[in-house]
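First to last, the sequence lines map onto chains A and B.
Going by the working numbering, the first residue of the first sequence is number 19, and it counts up by one from there.
Going by the working numbering, the first residue of the second sequence is number 19, and it counts up by one from there.
Note that these hints are calculated values from the structure, not bench results.
Note that the list lumps identical chains together, so a pair holds whenever it fits in one copy or between two copies.
With a straight-line Cα cutoff of 20 angstroms, these simulated EDC-like cross-link-like pairs (lysine to aspartate or glutamate) come out:
(1) Lys411 - Asp401
(2) Lys422 - Glu384
(3) Lys444 - Glu229
(4) Lys437 - Glu229
(5) Lys411 - Glu173
(6) Lys411 - Glu232
2 protein chains.
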Amino acid sequence: MTAGPLGKSRQDRPCATDFVIASRQCEIDDLSHLMRMGQLVAVISNLIHALQRERGASNVHLGSGGERFAAQLDDLRAASDELAQTFYGALNEVASRTIGVQSGARLFSRIAHAVHVLEGLAPLRARIRALDLAPDEAVRHYSAMVGSLLAVVFEAADAAMDPTISRLLVAMFNFMQGKELAGQERALGAAGFAQGEFDAAHAERLSDLIEGQERCFDIFAEFADADSQALWCAALGATDQAEVERLRRLACTGNLSALIRSESASAHISDHWFLLMTARIDAMKEVEDHLEDQLQALCVERLEQARLRLAEHESRIGALQQTDVAEPDALDKDAVEENGSFVVFCGPERYSSESLSPRLGRAIIEMVHDQSQRLQSMQDELDAAREALEERKVVERAKALLMKHRKLQEDDAHRLLRKMAMNQGKRLVDVARAVVSMADVLG
Amino acid sequence: MTAGPLGKSRQDRPCATDFVIASRQCEIDDLSHLMRMGQLVAVISNLIHALQRERGASNVHLGSGGERFAAQLDDLRAASDELAQTFYGALNEVASRTIGVQSGARLFSRIAHAVHVLEGLAPLRARIRALDLAPDEAVRHYSAMVGSLLAVVFEAADAAMDPTISRLLVAMFNFMQGKELAGQERALGAAGFAQGEFDAAHAERLSDLIEGQERCFDIFAEFADADSQALWCAALGATDQAEVERLRRLACTGNLSALIRSESASAHISDHWFLLMTARIDAMKEVEDHLEDQLQALCVERLEQARLRLAEHESRIGALQQTDVAEPDALDKDAVEENGSFVVFCGPERYSSESLSPRLGRAIIEMVHDQSQRLQSMQDELDAAREALEERKVVERAKALLMKHRKLQEDDAHRLLRKMAMNQGKRLVDVARAVVSMADVLG
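Pulled out of the complex, with its shape left as it was, chain A reads as follows:
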């Protein structure tokens, strides 16, 4: 809020309309921030896409003992670096313009973590080039980078105060998460096919990744608009889903002999898988880009609406100040009944409240009332959209507790939660909630 709004009262006593305007100005500030966050999310989405490709190609390289994708890796690394630079530039922009926003402390803490994790890219690449790393470990490191970037997106989604934008961000975050699981599937499969085998652990991991994607895309479908959903269906239709499912089945059952017999070498199958999955993931990226465009358009639209509303209110207040029809004062009984709370005439300071025009009073009552009703119904819608994010928080929290108290890896913690849910016939989030509420006992 600028110093402006309250400068208008000509006396010590401020007027209600000044604060209605200040409230609207806060909404505009929130929306401007959200728009900048949307731009940051778009930049992050591009960087993640590049890192996902680099991860997949690195795994083909590692899985083939350095035989394949040596040249491609250079290109992919250069592409990642360029997008990382764009990301760093965007961060500087965000840092200089983010002034005391909603959950700024958490946002910056997430960014700190992401920046920190990304500094590991150079040593990671050196070890990949030296073939000094198992494919699994390479995947884990790249995935941690992507995860730290997704955590920044999550924080942006969590801070949105506009319900429509919040719904879109929930859809987007889940889509990005689903795409990341698809990326991990590509990398894991690429290494497995290149090595010519999937052991039981890898087959189980692959199943987990496939199932996780479905969950994410379900939430996306629940929160996305019809347009984005249609685009997603079209994208799926354009990829060879049957072939994807065939290769998945063979990998998950661990029996590659049928495949290896019919193809000349495992290297070719690995390439085939990589290209197939890359087409799928690239199609996802198009949906993601569409979601980002929508987010920007929505922010622009909301900002315009908010600015128009503010201007309209300011001019209405200005016009009212010209009208000078003094009428005898009275307690406005209708307004008391309508609003369920006590309201009498209010006006600019040059009227005493004893000599306000009823018309003027009513106009201001409406303004005050509209704004608080609008914020309330926004809050209600927002609560609904937030639930999906809350559920993720609870699951993450439960996983962290299990990792700490049972010394589990993240994957295993997740698997344990899923088993508990299946055994108890409950939803994952309900089991997670029970774990979190047990935290005191565990601790």
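Take the given structure of chain A and dock chain B to it, following the hints.
Showing chain B alone in chain A's frame:
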């Protein structure tokens, strides 16, 4: 956040520590805002106290047909006006310094409503002076003013990001709410005793007010520190609770004949009640003042801690930048295991990440990790404190829905919820939740 933190990176690529510092700076900004809100709450508390007195005396005046408290009213009105001026001054201060804070839009909307409602004070007083208003109606108008001010306090409590401060604000808000119900009890009783009778509706209302106070003070006791609780017990001990309960019983049973026979006139009993309840409410105000002092002290302490932490980190980073022990790079496996995520060395830009000292790397890892862990555990504690506020929101929302769809007054809506809860053997909040989730059906 000032433009400072990121100015330090000498290249395009920002360093994680810059964002750790930005995150801490955001916490400091949040705390500064919270401290200003605490000051506003103290000012509101004083204004509410004066309005409560004015309401009680107005009811004695109205109940006695203008015979009593004519002179006192002038003094009490002057006292309220002075505190209202202080409130307006504080609002101007808040408005000029509140820059895009957490839920600023809602805060300002609440303030707009409060400022608006307070403009009705002058016509209300005129009608009281003219005896042109039933005592009940006067109470309803004054209570709406106090309610609009409490809504501002609620918003302040809801925006607190520090769990200890949030707990204190929850305790405080509920204490203020309880005190307000005590104030309404004083006013209702003052009119009833002055008129010499309590009909069934007034007796029921009185019971509701007494029960409501108990609920509020229970929540206060749950969230307040031992000191404040002890002060509250001492305050209760210093007032004549037995006499309060005797008068309450007589009023609630509607049988005043015993009382009126033993005293010379109903006017004296009304005075007696007024003084007794005023002593009780003044004792509450002392507890409230103590809570406010505590809030200020806590904010000052937290701010000092946060500033010290920030300074300490800045000097640690400075010191680390002097240490120039280049060692061969390696992926930090311990850190990967400990944190469950990928972490490698990070440092100021003049080191490439390939040639960082492990000591430097580890120090920065710790900083990033500490900050995110601290924010996470703060969030967990905060969620617990927030639940009490969430429950109030749900109950308010359910009441609003019932008022709208069943055309009920607020009191009746509350009573309906309570009856539903009793009949179903459920907690009030659970019934409220069911009502809210039925909103779509009702609408």
